[in-house]
Amino acid sequence: MTAVLTPKDFATATPSWWCPGCGDYGVLSALKSALADLGKNPKDVAFVSGIGCSGKISGYLHSYAFHGVHGRALPVATAVKLANQELTVIAAGGDGDGYAIGAGHFVHAVRRNPDVTYIVMDNQTYGLTKGQSSPTSQTGYVTGTSPNGHPEAPMNGLVVALAAGATFLARGFSAHPKLLVELLKQAIAHKGFSIVEVESPCVTYNKINTYAWFKENTFYLDETYDPTDKVAAFKTLIDEGKMPLGVFYREDRATLEDLALKDATPVVKASLNGDLSRFASIQDQYR
Amino acid sequence: MIVNSIEIMFGGQAGDGSLTTGDLIAGVFKRMGLEVYTYKDFPSRIRGGHTNYVIRAQQRENYGMADMVDCLVAFDLEAVEAHIEEMRPGGFIIFDNTSEQIPAEIKRSDINWYEVPLAKIAKEELKAEIVRNTISLGVLGALIGMDPEVMHGEVAALWKRKGDKVVEMNVGAVIAGERYVKEQFGDRPSGYSLTKSVDGDRLLMMGNDAIAYGALVAGCRFMAGYPITPATDILEWMAKYLPRHGGVAVQAEDELAAINMTIGAAFTGVRAMTATSGPGLSLMTEAIGLAGVLEIPVVIVECARAGPSTGMPTKTEQSNLNHIIFGGHGEIPKAVISPGTVEESFYFAALALNLAEKYQMPIFLLTEQALCQSKATLPLLEFEALEIDRGKLIGHNGHTNGNGNGKVVFGEYKRFAHTEDGVSPRVIPGVDGGMHLAAGSEHNDAGVITENVKNRAKMMEKRMRKLESMREDLPKGNIFGDPSAEVAIIGWGANRGPIVEALDRLAAAGTKTRFLQMRTLWPFPEDEVRDFIKGAKHVFVVENNFTGQLDRLIRVVVGPLEYMHSVRKYNGRAFRPIEIIEPIERALSSTVLART
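Residue numbers (this note's numbering), protein chains in the order written: chain Z, 1 to 287; chain W, 288 to 883.
In case anyone wonders, no lab produced these hints; they're calculated from the structure. Quick caveat, the model's predicted, so the values are computed rather than measured. Treat the hints with care, since some could be wrong.
Calculated cross-link-like contacts (lysine to any residue; reagent style SDA-like; alpha-carbon spacing at most 20 Å) [stated by the list, open to error]:
#	chain 1	residue 1	chain 2	residue 2
1	Z	LYS8	W	VAL696
2	W	LYS447	Z	THR14
3	Z	LYS262	W	ASP719
4	W	LYS701	Z	ASP44
5	Z	LYS262	W	TYR528
6	W	LYS701	Z	THR14
7	W	LYS527	Z	ASP263
8	Z	LYS40	W	SER728
9	W	LYS527	Z	ILE282
10	W	LYS527	Z	ALA260
Ranges of calculated distance between the beta carbons of each label pair, as one might list FRET restraints [claimed, not checked]:
#	chain 1	residue 1	chain 2	residue 2	range
11	Z	ARG287	W	GLU699	49 to 57 Å
12	W	ALA391	Z	ASP284	46 to 54 Å
13	W	ARG743	Z	SER146	42 to 50 Å
Listed below are several chain Z residues computed to face chain W (Cβ distance under 10 Å; list not exhaustive) [what the hints assert, rightly or not]:
#	residue
14	ARG112
15	LEU179
16	LEU261
Positions of the beta carbon are idealized from the N, C-alpha and C atoms, including for glycine.
Using the sequences and the hints, build the whole thing.
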């Protein structure tokens, strides 16, 4: 490993299964840059994803990568971090993976505050199953499963995360690479659970939330915004105007590992043979 | 006079203290040098509802209940009404008649009645309502001819941790009970006598504790679970002990999270397990398939209870065998091992962890409520002799946990390399050069997702080959009885106890039998079963379910056998020996087909 890392150090030779023009390319490339900029060694990165177009990303990142089942990336990532807190643990999923099937895990991972970075690649549709509505689809969105228009209100995952006690909250846009790299770097560097929702357009199925739509309907928080003010974060996120981008909230709070692990030694390096006299003293209680 | 053989049932409302008192007397009997088995039969509620706790003590080994109850300690009338029919003629009932009386119509004349106002004595004489149960121990002790000194000594020892005052109060309560018997019933013997013999330095342990303890000693350092009866004890035990040994236990938000966390920890290189029961297993099924295809070593303890759906959470059943073996979409290698005693539970937990890592697949430790929540006496455990075999693990450099400590070279290392035994060298995050994708979708030997037809077939074969490679490492069944007997019995799990007892009694009545306690249920030990039933004219498969799941499995694998009979029980309670003896005798004396 060279002393200075470049995004290429995190690249695999695996050919992509994403459609040309997919927003997910922007997420992948920003992630590689962020990891390189932070000087992370691929051997110390554990990357976990679920299923769907977003889930494919684990195959394109040169690290220890885990492609699990739909919606369950966060329990896996939480356990990886508990098992070895020396690893940089990143999880990624889509709006369906994280906010639908994995919604329960999402809320509880946030609540536990493990030092895990969670990237939600939001395209407001189910891409890999050919364009059905998702939890973040706009009301009225017409798809195969919503032929008369999606009758539900979209879910605001960041508000849910904030309510559940997220300690780092950001939103980026996959077509704004520089800013996205910056958000991801801050999220990965944050000690605690960090969520970065990335608006990542689906060029094949979502004809509403297009690149042009996001350029038109988003804005970046300016320097006057105070990301330590939780009430301001809520207000900003529930505002019905244009969609805000940037870091909404950050807070220092003890992580799950801080509280659950009694030992500085990672669990994976704990002695397995243990102390026989201590095992014997357990047995004595049953004598 | 019946010496050193008794089955006592404590019955009352949940919260009355039947379980605590039962535990206490179980401890006393163990200290007296007797063999003890306990069986909890409690409702799925916290307060109220009839609860009972069976404690069987005798000189000879026993891992199950007797045919009938010798002594019922009834804290209320409901307990008498519920269990009067299970009483052995000649047995006796201790009844708290403080506020209720026994109606004449249920008062069987072939049992002895000892009515004692336990609550009244506790309140008026001892000024402590809490000792009502301990008074019943004094009454019981006096009625079964126990040496008072032994009883007082043991009660004092059991309460010692709580301080002198508590010891004094409880010994006082025992004495009050003994005195009441002397005053009211004189030296009228109950017909039972329990005497102290040598305490051979043994343990009294619950099955779930043995599993957790065995796993800890064998290097389990991560557990995730979701509370569910009757498996919760394992998570609670681990939550107490894992942090003290460098590990961590997590109460997950649900079973899906629990199994995925277990997989995540195992992927990271920690020996990891989860424990659940039927409904939880259903939820875990998705991720168990993932562990199979990712070749990640996880141990899933299944503490079976009565289903389907939420069924009867606190009752025993063996109806999840089909689910464990055949559940899940697609096909993965997995193994199912099942202990028949508390002692085996300890060693099987350790074995499961070794098998999981050696063969990199999900291993099920299958037990059921009648074993996992029962206590039994057992010899001291030989934990010093336990070997930890981590298989083909390439751990951190200088990391002493792995017995494979080699280096890996990126570009050359293939996580899912094709090998003769189907097991590929496993590398964990943090090891340089081992970076790879663990993909739940079909992948090639390097972990790259592919739907190539040749690769698919080869990968399936590689994974399933492990089932053959592991055969020698799987526990063989235990064989009991007369090897030349023409009547063969097959069963697993908690039924070992009542079946072994049935063998002796069938033999005494002139029917020679042999019994195979299956300890590996999957991959199905075809040769073992075939060898065992060779020469048998009748085969009886004993199990706690309605459809005869093991019976059917044997018919499918070994062949249709018209001389096979299924002995089934599915009312939520464990077999009593007579419930095995009678159907066998009935079948043999009728015109059922025998192998000719």
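Verification of the hints:
1. Between LYS8/Z and VAL696/W the CA atoms are separated by roughly 18 Å; this keeps the pair inside 20 Å, and the hint holds.
2. As the CA atoms of LYS447/W and THR14/Z are separated by approximately 67 Å, the hinted pair breaks the 20 Å bound.
3. Restraint check for LYS262/Z and ASP719/W: the C-alpha separation of about 27 Å exceeds 20 Å, so the hint is violated.
4. About 18 Å separates the Cα atoms of LYS701/W and ASP44/Z, which keeps this hinted pair within 20 Å; it holds.
5. Simply put, LYS262/Z and TYR528/W have alpha-carbon atoms about 12 Å apart, close enough for the 20 Å limit, and the pair holds.
6. Among the hinted pairs, LYS701/W with THR14/Z is consistent with the structure: their alpha-carbon atoms are about 15 Å apart, no more than 20 Å.
7. At roughly 15 Å between alpha-carbon atoms, LYS527/W and ASP263/Z fall within 20 Å of each other, so this suggested pair holds.
8. Taking the CA atoms of LYS40/Z and SER728/W, the gap is near 27 Å; set against the 20 Å cutoff, the hint is violated.
9. For the given pair, LYS527/W sits about 11 Å from ILE282/Z by alpha-carbon distance, which is consistent with the 20 Å threshold.
10. Restraint check for LYS527/W and ALA260/Z: satisfied, since their Cα atoms lie roughly 12 Å apart, inside the 20 Å limit.
11. About 53 Å separates the C-beta atoms of ARG287/Z and GLU699/W, a value consistent with the hinted range of 49 to 57 Å.
12. Separation of ALA391/W from ASP284/Z is about 51 Å and conforms to the stated range, judged on CB atoms against 46 to 54 Å.
13. Separated by about 35 Å at the C-beta atoms, ARG743/W and SER146/Z break the suggested range of 42 to 50 Å.
14. With a cut of 10 Å, the hint placing ARG112/Z at the interface with chain W holds, because the nearest CB-to-CB distance is about 9 Å.
15. Given the 10 Å rule on beta carbons, the hint for LEU179/Z is violated: about 28 Å separates it from the nearest Cβ of chain W.
16. Because the closest C-beta pair between LEU261/Z and chain W is about 6 Å apart, less than 10 Å, the hint holds.
When the structure is compared with the earlier hints, violations turn up for hints 2, 3, 8, 13 and 15 and for no others.
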